[in-house]
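My request is simple: use the sequences and hints to build the entire structure.
Residue numbers 1 to 343, in this note's numbering, belong to the letters of the sequence shown in order.
The hints are simulated quantities; they were obtained by calculation from the structure and are not laboratory data. Keep in mind that the hints are not guaranteed to be accurate.
Stated by the list, open to error - Derived EDC-like pairs: lysine to aspartate or glutamate, alpha-carbon spacing no greater than 16 Å straight-line:
hint	residue 1	residue 2
1	K296	D254
2	K282	D240
3	K282	E47
4	K261	D314
5	K282	D314
6	K22	E47
Unchecked claim - Computed spacing ranges between beta-carbons, pair by pair:
hint	residue 1	residue 2	range
7	S266	E162	32 to 42 Å
8	L39	P288	28 to 38 Å
9	I56	S301	38 to 48 Å
10	R283	G193	40 to 50 Å
11	H192	L102	38 to 48 Å
12	E114	G163	14 to 24 Å
13	S301	L102	41 to 51 Å
14	A121	I67	21 to 31 Å
15	S139	C206	24 to 34 Å
Glycine included, each C-beta is placed from N, C-alpha and C at the ideal position.
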Amino acid sequence: MLARRALPQAKLGATNVSVFTKRTTKGTLSLMRWLFGRLDWPITWLEGGVCTCRPIAGIQVLAVSGIEVEPIFLQDQVVGSVFNDGEARHCFLGGILPRDSLASRDYQTGQAYEQLEIALAQIGMDLSHLVRTWFFLDSILAWYREFNEVRNEVYVQRRLLEGLVPASTGIGGRNPNGAALTVGSWAMQPLHGTVCAAAAPSPLQCPAPTYGSFFSRAVEITAPDLRRLIVSGTASITPDGHTAHVGDLSGQIDLTFRVVKAILESRGMNFSNTVRAIAYLKRANDGPFFERWCRKRGLESLPMLTTRADVCRDDLLFELELDAIAPDQSCLAVNRETRSADL
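Structure representation (structure tokens):
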């Protein structure tokens, strides 16, 4: 009931909703309607696991205020939201599924990209406008390499490597439809020369295409009044692309946060600029340890959702994605004595 009331009371228009739960049920759609009322925006409903005794790990809602939000439909289902902030048009898509959940996994991946293109085409955009993608793969460890091959082929065929390769998260997660994957994305179409998006490299890691994954470590969107940094799903990976701290959860969390911190600092930000984050733990019972880890470093108040999910490699125990915002270029002189100082 709280979720259903919060948005209207705050005069916010939702653009995208993600629900992380322990399991999906036949009553999933009814539960979503109970939570949110009329479904005028895309919802990505994911089954993976939670790190507490609660049935739902959390809900993340992306919303805007003072702007009209229009829905995008596929087969009479709301799969997207589009709005104009005066500087650019933004499109959020969520819950995108392949048409045939009984087809092979690689074929379903291709279909999911086709559905993305169909949805974007309705508002005059295409894959080249993507700044961020999310891929939630059922049984990810069984076919992540296969998924990457299809993604890479799509990007090559559409010549996307000649422009901005979007930031991305590829993580384990089941969906109520039993499809091999469900997809979300954020696309942006600048209206003037005042807004641009560019890849932001990771100072401590190699570019992801080095080991066969076509995504940017981070993407920075620069507008007249702010800069938004979108950090891709990040894990304990060495500069040469190998897994670091195998079997050592603390070591993997430490390195992941150091890597993300370095990306933030390269853009004149720190963890206090965070506006959204998701932490993915391979093992649900590691939740209390991660909470203690955050408290010891003064990071317990980060706007972060923690959920259980398989990461793209069997030896990876942790992954973190994060968005941060800085109001203007003056943040380049930001005070370094922040909560992240002892990482």
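Hint-by-hint comparison with the structure:
Between the alpha carbons of K296 and D254 the distance comes to roughly 12 Å, so the proposed pair stays at or under 16 Å and holds. Note on K282 and D240: the hinted pairing is violated, with a Cα-Cα distance of about 23 Å set against a maximum of 16 Å. Distance check on the hinted pair: K282 and E47 sit about 13 Å apart at the alpha-carbon level, within 16 Å; holds. A distance of roughly 24 Å separates the Cα atoms of K261 and D314; the hinted pair therefore is violated under the 16 Å criterion.
For a cut-off of 16 Å, the pair hint linking K282 to D314 stands: about 9 Å separates their Cα positions. Of the supplied pair hints, the one linking K22 and E47 holds, its CA atoms being roughly 5 Å apart against a limit of 16 Å. S266 and E162 have their C-beta atoms about 24 Å apart, which leaves the hinted 32 to 42 Å range violated. Here the CB-CB span from L39 to P288 is close to 34 Å, well matched to the stated 28 to 38 Å.
At roughly 21 Å, the beta carbons of I56 and S301 sit outside the given window of 38 to 48 Å. Between R283 and G193 the CB atoms are about 48 Å apart, so this pair conforms to the stated range of 40 to 50 Å. Distance hint check: the CB atoms of H192 and L102 are about 46 Å apart, consistent with the given range 38 to 48 Å. For E114 and G163, the Cβ-Cβ distance of about 20 Å falls inside the hinted range of 14 to 24 Å, so the restraint holds.
For the pair S301 and L102, the supplied restraint of 41 to 51 Å holds, since their beta-carbon distance comes to about 45 Å. One distance hint, 21 to 31 Å for the beta-carbon pair A121 and I67, holds here, with the actual separation near 22 Å. One distance hint, 24 to 34 Å for the beta-carbon pair S139 and C206, holds here, with the actual separation near 27 Å.
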